[in-house]
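Enquirer: From just these sequences and the hints, can you work out the full model?
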Amino acid sequence: MMKTSSGVTKRSASRSERSKREMRFGSHCVYFVDTQRKRRQKKSQRLWKAVCRHTCLLDNDDDLLSSFQHASPRSIWLSFDSSAFSSLANHISVFQSEHRLLVFSEVAEATRHVLNVYFRHVLAAKEAISYLDAKELAEVLVAPNRADLFIGGTVDMKDEAVVLYRGTIDPLVVPLAWFVGQSSSSPKADPQKFQVSDFGQTVKLGEFEAASDAILYEFDSDFRRRRKKELLKEDKSLGASIRRLRLQKNLRRDDFPGISAKTIARIERNEIGAPQAQTLAVIASRLDVKESDLGSY
Amino acid sequence: MATAFELPEPWRKSWRLKIRDRETVEPPHVTLLRGTKSWRINLRTGQFLDRTPAPREVPRQLLRHVLGRFDEFISVWDELYPLNPVQSLERDSDDED
Chain A
1 MMKTSSGVTK
11 RSASRSERSK
21 REMRFGSHCV
31 YFVDTQRKRR
41 QKKSQRLWKA
51 VCRHTCLLDN
61 DDDLLSSFQH
71 ASPRSIWLSF
81 DSSAFSSLAN
91 HISVFQSEHR
101 LLVFSEVAEA
111 TRHVLNVYFR
121 HVLAAKEAIS
131 YLDAKELAEV
141 LVAPNRADLF
151 IGGTVDMKDE
161 AVVLYRGTID
171 PLVVPLAWFV
181 GQSSSSPKAD
191 PQKFQVSDFG
201 QTVKLGEFEA
211 ASDAILYEFD
221 SDFRRRRKKE
231 LLKEDKSLGA
241 SIRRLRLQKN
251 LRRDDFPGIS
261 AKTIARIERN
271 EIGAPQAQTL
281 AVIASRLDVK
291 ESDLGSY
Chain B
1 MATAFELPEP
11 WRKSWRLKIR
21 DRETVEPPHV
31 TLLRGTKSWR
41 INLRTGQFLD
51 RTPAPREVPR
61 QLLRHVLGRF
71 DEFISVWDEL
81 YPLNPVQSLE
91 RDSDDED
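Heads up: the sequence lines are chains A and B, in that order. In terms of the numbering used here, the first sequence opens at residue 1 and continues consecutively. In terms of the numbering used here, the second sequence opens at residue 1 and continues consecutively.
Incorrect hints may appear among the rest.
[As the list claims (entries may be wrong)] Here are the in silico distance ranges between beta carbons for each label pair:
| id | chain 1 | residue 1 | chain 2 | residue 2 | range |
| --- | --- | --- | --- | --- | --- |
| 1 | A | Gly295 | B | Glu79 | 30 to 38 Å |
| 2 | A | Asp159 | B | Ala4 | 55 to 63 Å |
| 3 | B | Ser14 | A | Ser260 | 36 to 44 Å |
| 4 | A | Gln278 | B | Arg12 | 51 to 59 Å |
| 5 | B | Glu57 | A | Asp159 | 37 to 45 Å |
| 6 | B | Pro82 | A | Leu176 | 20 to 28 Å |
| 7 | B | Pro8 | A | Asp62 | 50 to 58 Å |
| 8 | A | Gln278 | B | Arg60 | 46 to 54 Å |
| 9 | B | Phe70 | A | Ser83 | 28 to 36 Å |
| 10 | A | Glu106 | B | Gly68 | 20 to 28 Å |
| 11 | A | Asn145 | B | Phe70 | 24 to 32 Å |
[Unchecked claim] Residues of chain A clear of chain B, computed beta-carbon distances all greater than 12 Å:
| id | residue |
| --- | --- |
| 12 | Lys49 |
| 13 | Lys158 |
| 14 | Glu207 |
| 15 | Gln248 |
| 16 | Asn270 |
| 17 | Ser292 |
[Stated by the list, open to error] Derived EDC-like pairs: lysine to aspartate or glutamate, alpha-carbon spacing no greater than 16 Å straight-line:
| id | chain 1 | residue 1 | chain 2 | residue 2 |
| --- | --- | --- | --- | --- |
| 18 | A | Lys188 | A | Glu218 |
| 19 | A | Lys38 | A | Glu98 |
| 20 | A | Lys249 | A | Asp222 |
| 21 | B | Lys37 | A | Asp190 |
| 22 | A | Lys290 | A | Asp222 |
| 23 | A | Lys158 | A | Glu207 |
| 24 | A | Lys228 | B | Asp50 |
| 25 | A | Lys193 | A | Asp222 |
| 26 | A | Lys228 | B | Glu6 |
| 27 | A | Lys233 | B | Glu72 |
| 28 | A | Lys228 | A | Asp156 |
| 29 | A | Lys249 | B | Glu26 |
| 30 | A | Lys236 | B | Asp50 |
| 31 | A | Lys233 | B | Asp50 |
| 32 | A | Lys229 | B | Glu9 |
| 33 | A | Lys249 | A | Glu230 |
| 34 | A | Lys290 | A | Asp220 |
| 35 | A | Lys228 | A | Glu218 |
| 36 | A | Lys193 | A | Asp170 |
| 37 | A | Lys236 | B | Glu26 |
Think of the hints as simulated: they come from the structure by calculation, not from any bench. Beta carbons: idealized from backbone N, C-alpha and C, even for Gly.
Expert: Written out as structure tokens, the structure reads:
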């Protein structure tokens, strides 16, 4: 093995360089790709100022490639446009990753197919998606709890669904019919006026507001599990879980066909040690959840 | 309608205090929000539902201000969630035993 003039072998020098790059790029989770120096343009200044404090800047192809190779799973790349990633094609063969990409411009259909080879989720800012403003977006993307915050979304009127994007760029689909208040004094949700606010903690459809944690509580079992662990004092019994879920669904105890309100009350108070399987099946069906999830609320 | 309760200075700019049209219904609570963080306060007990924040996270003066307005929050909650009013654990109208 050839030694350099300082006595260090070429192999160990290369290993040292690799370690440095691992440390530099492996410690971040949000990268800003600007190999074409667009952040200096006037129209890009506002966005750049909002994100620069929170992200690792990649302004050359080598750093971009290194970040891709050393980044922790589910890291996020931001970019003014998608052309910055064309250099990846020279180095990375067909490759599926857990990485995510948010591009602040339109992405052509063909380009999207290419980007989907390198990134699990790709979002383009100029699609019919409403996002948080730049300052809030930047803070959410680097927040430790970003998976529980929304950066934006859109309403699909044809399928009557709201698609929400979490701070991890993962999508979550919620039926539009869910956005209904439990009281006649709640406003009607206006799907034409979709907005995410409060740093991703509130989803608004016109005057109607929903807490992001209420959405995740009903549609993400992993969130429910984490939330249950964090709650300081909570009755974690099956009965209490059924009661919480019944109230969340805005149902009364006499809303369960074939089961008396008195029986529901007794189950909720855990006065029935082991409810019959058939009873739990009816309860789960009425609450529109799987039987196995009844205890997770 | 979702209610954002007004806060006095110096908290007005950075903090929000809300009861929204869709919340996790049980237990009844009001939510204090700042940036990407939030803290839910149980309207039945006055305790935090999740972890208790350090004073540097939630100023004690702000907390005292919030705890002093519970009647206001309870009336808004009861209007938005008539099936689970704040008093419901004590007198549940569904309990026809």
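Enquirer: Tell me, in ascending order, the numbers of any earlier hints that this structure violates.
Expert: Violated: hints 2, 3, 9, 10, 14, 15, 18, 19, 20, 21, 23, 25, 26, 27, 28, 32, 33, 36.
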